[in-house]
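> Add chain B to chain A, keeping to what the hints say.
Chains A and B, in that order, are what the protein sequence lines are.
Sequential numbering from 1 applies to the first sequence in this note's numbering.
Sequential numbering from 1001 applies to the second sequence in this note's numbering.
Careful, some of the hints might be misleading.
What the hints assert, rightly or not - Mimicking DSSO-like on lysine-lysine, the simulated pairs with C-alpha atoms at most 30 Å apart in a straight line are:
#, chain 1, residue 1, chain 2, residue 2
1, A, 207, A, 259
2, A, 340, B, 1187
3, A, 340, B, 1184
The set of hints was computed from the structure by calculation and includes no laboratory data.
Note that this is a predicted model, so its numbers are computed, not measured.
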Amino acid sequence: MAGHHRVSRRPIFAYVATMTDELSLLLHRAGFGPTAAELTAARKAGYAAALSSLVAPAGPDPGAAQTPVPDLGKDFFANRPKSTPEERAKGNDQRRAQTRQITLWWLDRMIAARHQAVEKLLFFWHGHWATSVESVRSPQLMLRQHMTLREAPDFVAMVRQMVIDPALIWWLDGHLNTRKSPNENLARELMELFTVGIGQYTERDVKEAGRALTGWEVNLDLERCQFLPGRHDPEEKTILGVTSRFTAGSLVDLLLQHKATPRFIASRMWIRYGSSTIAMPKRTQENMAAAYPSPMTMLRVLFQDDAFRASGGTLVKQPVEWFVGAMRQLGLRMSGMPDKAASSILNGLEDMGQLPFAPPNVGGWPAGTVWLTSATAQLRLDLAATIAQQAQVEKLTAEGLAHMLCIKSWSDRTYAAMREVKDPRRLLVLGLASPEYLVV
Amino acid sequence: MDTVTRRRFLIASGVGGAGVLGLGSWSIAQLLAKSADAEAAASQEPVLVLVTLYGGNDGLNTVVPYTDPAYYRARPELAYAPEKVLRLDERLGFNPVLRGLHQLWGDKRLGIVLGVGYPRPDRSHFRSMDIWQTAAPESPANTGWVGRWLDGTNSPTETAVSFEPVLPPLLVGQTRAGACVSLKGLKLPAGIEPGMISALGQAEPNEPDLVTRAATGYADLLRVDQLVRQAEQGGGQSASPDKPEALATGTGGGNALVPQLELVARCLEARVPTRIYSVSLGGFDTHAQERLGHERMLKQLDDAVSAFMRRISASGAGRRVTVVVYSEFGRRVRANASDGTDHGTAGPILVLGDSVTGGFHGEQPSLTDLVDEDLRAHVDFRDVFGTVLGSVLAADPAKYLLGYEPKMLPLFKAA
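Isolated chain A (complex conformation):
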């Protein structure tokens, strides 16, 4: 590598083709980042077969079986209407420990899962519903929401469950929304961020929808929401031009039937799976919307689309995608990792701005160049070093590392950075930090 003097004069499409052939693109986008073995197998199978095994994987996932959902038991504060200051301190400690437990578990599941598209889609939904444990506080309720998203057969079923999900209701003040004093936070986000999208409704619609959602209370003991008829506003509401005695259920039905909803979901998927810089082509959006409400079918349509296949180099890996992909490629797992290293990893992801179960706001995580600032560059180097510390590598060349990280070949700049480096862990840091490893 010391004698590497390649001068790159290829046009961009050729660059993209070399850096990320179609199968590499598919595997990087559908999952968190393929291992070299997975990429080789997919190339052998061909695009159609690889796509099918991603979106319709056969049989149970052995990786999921190795990473069973943790059983947290009841929330410390469940069935405890009053607590002493000592109990509260103990309860808060327990909640912190359990939040750490589920976060480590989910990261481990992302890494271990063979059904990568299933796990990545779940992460997409988490970003879509963007509920944070920092406000909800109960790890039990966060895990409950996670399971609701995991088990929902399609988007329609998901929204019906989510509108009365205790973590979401708490996050968006739905428990404070009563007939006597409506709180419209949940109603607004339900329309703006979760279903029809901005521009499809008026302020009046928001207020009326808020009234439809009145009457739900979070029950921590039962880990679900309960309907209190006395707090519900049973009068007529006019929402999106329809007048009825709307409830949470009938409001959701109205929003799910709205013509904007499938297109809105398709556009959200495009930003995470297609491109954060190229606008979604209308035809792609219509084709995906036609596959609504099955998200996996919508993704299948996307992955077969010409616009998707030409979108290489236009998506920035989010920190969790970058991290999980790296862990998979290096054969590392969260389970069994020393506590200190696990803490470094959680702190690193938090500092970079993306910790599962803790999105920054209900809008979810940003996309694109915001992950490429000088501040993230620093944090990424730190986290790369933590990962490298855990890796079992005896000998490594720049070329061997490129193969391991599914990079076809390093850019001149990265070769230059690696030129004098012999230590395999330092090579790893540079590879994980290299600009070409951050974009797919």
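Okay, now just chain B, sitting in the frame of chain A:
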């Protein structure tokens, strides 16, 4: 900075293509010496410090209409009694915790623009903050007004600096972006040399734009960090060494304003050639049990801003600094039943500095003439930012406000 000195600074800092930094041949001291005359010029240039309050600050409990019966009717549990407020005039008074700001008001160094908003107010945090930062109320834009100014003036990344982990849309332009500098400082992993990072920071021909942007992040990291750290080592009180406590808010924003503004003060004292600093404080989304939480947030704001103003006045840097404090919206006039307030519309903007015309600007919105139970805005926020663009940045405001022609406000004393 005029063109010639800017050019010299760019060459010294390696932006112009020479790439002197990171190759190990120049020390920081040499770099600073090299750009000393650029700094001397820069040190005369006005500086803007934007303080963003995330979550929607309750304007009516910040600048309290303490003689208005409608105020006490609308929010009996939340309202401040007339004898509690810090009087600004015979109608309006500050929240009792804003003692430092009240002092600055007395010194005529604080201007308050009342009733600021924009047409067809949006009550979503994200959309509304986006509107303020992109200055595009009609349809979404993907550049911020500071980012566009960076584009228009071909400014290097250190011209606009944020001390948040994620760059706010405000500082993102089409071709340029401001820098993010971590409060925690640059520390490379063992065995990773600045030269390696400098290599990763090189752009290559024929690669996707995003890959080049990724590389630029490394180049910026080295350059801006060296400038800021040099400032930090320049003496004065030490910045808080501890990582700020991470309090999450539902609606974004940093949570430790004191260390952010301390670092701004240090940069000013060291004459770092930054023209715009973006700092933030999150946690203003007071839907429930507002009084205690809101007072805690306002106290943080007051402590941080008044300490900052004291410090820069003492160092002489205060003469060229304007601080603007804004939030994405005010809150509903009427309290909700959770002793909080829901998302509202118009609110006050605070403008501080030696060159600021102290006193009220604009007009306090009526509490009885409401639109959808919310305050009517009398001043478009683009008039405030436009005035700042014109005065502090000596720019043509309409050029960076997507064609909006702002009404210039008498916020600044004639030079």
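> Look at each hint and say if it fits the structure.
Outcome of the hint check:
no., hint, verdict
1, A:207 / A:259, "holds (21 Å)"
2, A:340 / B:1187, "holds (19 Å)"
3, A:340 / B:1184, "holds (20 Å)"
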